[in-house]
Amino acid sequence: MKRNENREGIKGMANPGRYGIERVSYWLMRITGLGLLAYLIGHIYETSSILNGKSVWDSMLQLTQTTQGHIILTLVIGMCVFHTANGIRLMFAHGGFGVGKPTRPDYPYIPNSQNMKNKLCIYASIGVAALAMMYGLSVLFGE
Amino acid sequence: MAEEQSPTEASSKTVTLRIAKSNPEHDSASQFAEFKVPYERWTTVLDAILDVKKHMDHSVAVRYSCRQASCGSCGMKINGRPGLACFTKISELNSDVVTVEPMNNYPIVRDLVVDLEGMFSTHKKMKPFIINEESEVTANTKEFLQTPEQVEEYIQFSNCIKCGLCNSACPTMATDSSFLGPQALTQAYRYVADNRDKGKNERLKIIDESHGIWRCHFAGSCSQVCPKGVDPAMGIQMLRGYLLGFKK
Amino acid sequence: MRESIIMKIHYGTALGAVVLVAVHVLFRITMMSYGDSLQYENVIANYKFVPYAIMLELILVLLSVHGFNGLRVILIELKQGRSYEKAVTYGCLAAMAILIAYGSRTILMTSMGMT
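Chains as they are written, first to last, in our numbering: chain A, 10 to 152; chain B, 775 to 1022; chain C, 4 to 118.
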């Protein structure tokens, strides 16, 4: 008999609450990764219009030089900066750096790996992404 | 279901305990039964469940044994987060309603009881024993001496009581039924980090597969719910350090 | 291929892409105003500058490998099964190859003046 495994499923995996900022960063990393892949595909399609001459390039440029286009590009800047900054933190962590040292556990058992350094790096990644988005907005709308 | 009141009310404070009841052998749907339970500052969720079982509904299925966070039997989802029922006080939940459900990512046996067989089998897959040809104790062999520093390398990870809370909180386990899980990976590190052990390469080969260690993304939920301070997230990243060549 | 090798490639492509994408973005905002840098003639001039074209090709390869491997990881964590996982792996490889081929065609033809 096939038993119900009672998996939490996508809803549980994608739920960024309950487990603090580390789980939020896990969720943001996924979403930004997917968003950036979608942008990469779109960007390659968009820039390939250059092969069809100046008029096609200009009309494609017109499409992206709208308010919606600028907002999408600003979001891409934010996603890119967060994914990069948090990705570098994760690369260090995956190598065993910055996750603390093993110690004899003592009540109330605050895990060393969920340390302040990591939390600060996550907040900094979000902060830097927000700053980059603001800079992007000023460049895109300040033309 | 109708709300029932415990007859043993000595305390003025009461909490509504919602217990998820299901029996997959008859019906996979889970229903919540609500009970008003008296509690004191020291009353644990397990105490409340046992109070219900004794006075209101004998049919509630719950697994427990030591009542002191040593046996790892009473893992369940308490107000949405995995925890040991015997190690969670009702007063610290700061809620008038306490909802208890079976842990996610394990098949339900009945009500709050889940089948931990999957976790035990991945645990065994990690070869959770010292691999060393000289480890057999015979009349002529000496004991292995370790410095306190060498013990510190792994002792934290040997505190695991196999309660399964980490696997229940893990976001990868939520959808990936083939993932080895934080419990097993941490136990692999516990032995790899032990200088008496010579089975590092064997274990690294087992975990280096498509549903092995690389499916951990350091969300850290496993460490946040561990009732023994094992910190699986740390162990897994340390273990990955060997595969990435940062550790020898 | 062992998963550790795939993931080392994943990390390596990420590091490479960070550096090169930074140069790519700086090209858009430091040489001239952002709007001017997107004018047809300036973009064509960028493509005809061989080191820049090589850099674009590298970015294309690095990001495609990194992006589609990331997608493969997400998809195999969502659902399991031999045939499904095989389909995901080969599907991602094919999509990656198509994207690289399509982007390379643009870079090559534009840098050779075939517009």
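Check before you lean on any hint, since a few could be wrong.
What the hints assert, rightly or not - Which residues of chain C face chain A? A few of them, derived with a C-beta cut under 7 Å, are:
#1 14
#2 16
#3 17
#4 19
#5 21
#6 41
#7 52
#8 66
#9 70
#10 84
#11 87
#12 109
#13 112
#14 118
Hints in this document: simulated from the structure, not taken from any laboratory. Backbone N, C-alpha and C define an ideal beta-carbon position, used for all residues, glycine too.
Evaluated hints:
Because the beta carbon of residue 14 of chain C sits about 6 Å from the nearest beta carbon in chain A, less than 7 Å, this interface hint is met. Because the smallest distance between the Cβ of residue 16 of chain C and any Cβ of chain A comes to about 11 Å, over 7 Å, the interface hint for this residue is violated. The interface hint given for residue 17 of chain C is met, as the beta carbon of that residue sits about 6 Å from the closest beta carbon of chain A, less than 7 Å. With a cut of 7 Å, the hint placing residue 19 of chain C at the interface with chain A is violated, because the nearest CB-to-CB distance is about 12 Å.
Because the closest C-beta pair between residue 21 of chain C and chain A is about 5 Å apart, less than 7 Å, the hint holds. The beta carbon of residue 41 of chain C comes within 6 Å of a beta carbon in chain A, closer than 7 Å, and the hint placing it at the interface holds. The restraint placing residue 52 of chain C at the interface with chain A is violated, with a minimum CB-CB distance near 14 Å, outside the 7 Å limit. Residue-level restraint check for residue 66 of chain C holds (minimum Cβ-Cβ distance to chain A is 5 Å; threshold 7 Å).
Among the interface hints, the one on residue 70 of chain C holds; its C-beta lies about 4 Å from the nearest C-beta in chain A, closer than the 7 Å criterion. Annotation: interface hint on residue 84 of chain C violated; nearest CB of chain A at approximately 13 Å, more than 7 Å. Because the closest C-beta pair between residue 87 of chain C and chain A is about 15 Å apart, greater than 7 Å, the hint is violated. Taking 7 Å as the C-beta contact cut-off toward chain A, the hint placing residue 109 of chain C at the interface holds, the least distance being around 4 Å.
Hint on residue 112 of chain C holds. Least Cβ distance to chain A is approximately 6 Å, under the 7 Å limit. Among the interface hints, the one on residue 118 of chain C holds; its C-beta lies about 6 Å from the nearest C-beta in chain A, closer than the 7 Å criterion.
Checked against the numbered hints given earlier, this structure breaks hints 2, 4, 7, 10 and 11; the rest are met.
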